[in-house]
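Colleague: Listed below, chain by chain, are the residues.
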Amino acid sequence: GEDVEQSLFLSVREGDSSVINCTYTDSSSTYLYWYKQEPGAGLQLLTYIFSNMDMKQDQRLTVLLNKKDKHLSLRIADTQTGDSAIYFCAESIEGYSSASKIIFGSGTRLSIRP
Amino acid sequence: KAGVTQTPRYLIKTRGQQVTLSCSPISGHRSVSWYQQTPGQGLQFLFEYFSETQRNKGNFPGRFSGRQFSNSRSEMNVSTLELGDSALYLCASSLDREDSHEQYFGPGTRLTVT
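So the protein sequences, as listed, match chains S and C. Convert by adding 3 to the 1-based position in the first sequence; the result is the number in my numbering. Convert by adding 210 to the 1-based position in the second sequence; the result is the number in my numbering.
Hint data in this document are derived by calculation from the structure and do not stem from the laboratory. Even for Gly, the Cβ is constructed at its ideal location relative to N, Cα and C. Among the hints, erroneous ones may be present.
Stated by the list, open to error - Each computed DSBU-like pair below joins lysine-lysine, with the alpha-carbon atoms no more than 30 Å apart: (1) 223(C) - 104(S); (2) 104(S) - 59(S); (3) 71(S) - 104(S); (4) 223(C) - 73(S); (5) 267(C) - 71(S); (6) 73(S) - 104(S); (7) 223(C) - 267(C); (8) 39(S) - 73(S); (9) 104(S) - 39(S); (10) 39(S) - 59(S); (11) 39(S) - 267(C); (12) 70(S) - 104(S); (13) 39(S) - 71(S); (14) 59(S) - 71(S); (15) 39(S) - 70(S); (16) 73(S) - 59(S); (17) 267(C) - 104(S); (18) 59(S) - 70(S); (19) 267(C) - 70(S); (20) 39(S) - 223(C).
What the hints assert, rightly or not - Here are some chain C residues pointing at chain S (derived, C-beta under 7 Å): (21) 253; (22) 312; (23) 317; (24) 318; (25) 321.
Unchecked claim - Restraint ranges, calculated between C-beta atoms of paired labels, are given here: (26) 78(S) - 280(C): 24 to 30 Å; (27) 55(S) - 279(C): 33 to 39 Å; (28) 293(C) - 57(S): 44 to 50 Å; (29) 293(C) - 29(S): 44 to 50 Å.
When you get a sec, could you build the whole thing from the sequences and use the hints?
Modeller: In structure tokens form, the structure reads like this:
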């Protein structure tokens, strides 16, 4: 079946690194995504990784993919108060289309301590 | 470039009524997807339209329908509303090319059914 799981909450101190983890079940996933949702807003695509890659870095964001364990993580370096949000892990299946059926995790609420 | 727009932003309806939500994709984007977000079920894929045709469909009852116009704008309709249909409805658009795997979300329409 198709399922994406994430822990619900993460609290980190400002300036530390945040690591948000996600596991997925569908081995036919082609792309894996991280989205950010701030209160009252839609989803913002942060980054994505193709399933044949191990790592992708984009400024403060690092995505690690362990395809064998079906584990995806998002590391945010030097976490700031503006990073407070809900972070969704998602996988796309059924072909290359970016708008193929996408399965979302339940989201991890990241809160920042001063 | 303007982002994805959704109208209306907020809507209150009563049980049994029907509702139509609208989504205007980013200029040049031909694929539009709809999602339902609720606290209990999280983000769930409703359907995707491309070139005025429904290309993918999630597991929602037939009361949920949609369409896409020749200018790529999309509408979603829910008939015979139920209390459980109260949710944030998100629309996302994408270029739908092999070298582009990014979906851009609108701010959503918050539907409350009383």
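Colleague: Next step is simple, just say for each hint if it's right about the structure.
Modeller: Status of each hint after checking the structure:
1. 223(C) - 104(S): Given pair residue 223(C), residue 104(S) holds - Cα atoms ~29 Å apart, limit 30 Å.
2. 104(S) - 59(S): holds (23 Å)
3. 71(S) - 104(S): Roughly 22 Å separates the two Cα atoms, so the pair holds.
4. 223(C) - 73(S): violated (42 Å)
5. 267(C) - 71(S): holds (29 Å)
6. 73(S) - 104(S): This hinted pair holds, its Cα atoms lying about 18 Å apart.
7. 223(C) - 267(C): holds (25 Å)
8. 39(S) - 73(S): holds (21 Å)
9. 104(S) - 39(S): Cα-Cα ~19 Å, so holds.
10. 39(S) - 59(S): holds (17 Å)
11. 39(S) - 267(C): holds (24 Å)
12. 70(S) - 104(S): Status holds; Cα separation ~20 Å.
13. 39(S) - 71(S): holds (26 Å)
14. 59(S) - 71(S): Roughly 17 Å between the alpha carbons, so the hint for residue 59(S) and residue 71(S) holds.
15. 39(S) - 70(S): holds (23 Å)
16. 73(S) - 59(S): This hinted pair holds, its Cα atoms lying about 16 Å apart.
17. 267(C) - 104(S): holds (8 Å)
18. 59(S) - 70(S): holds (14 Å)
19. 267(C) - 70(S): Between residue 267(C) and residue 70(S) the Cα gap is close to 27 Å, so the pair holds against 30 Å.
20. 39(S) - 223(C): holds (29 Å)
21. 253: Holds, because the Cβ-Cβ distance from residue 253(C) to chain S comes to roughly 4 Å (cut-off 7 Å).
22. 312: holds (5 Å)
23. 317: holds (5 Å)
24. 318: Constraint on residue 318(C) satisfied, holds at 5 Å.
25. 321: violated (15 Å)
26. 78(S) - 280(C): 24 to 30 Å: violated (44 Å)
27. 55(S) - 279(C): 33 to 39 Å: Given range 33 to 39 Å: holds, Cβ gap about 37 Å.
28. 293(C) - 57(S): 44 to 50 Å: At roughly 45 Å between Cβ atoms, residue 57(S) and residue 293(C) fall inside 44 to 50 Å, so the hint holds.
29. 293(C) - 29(S): 44 to 50 Å: violated (32 Å)
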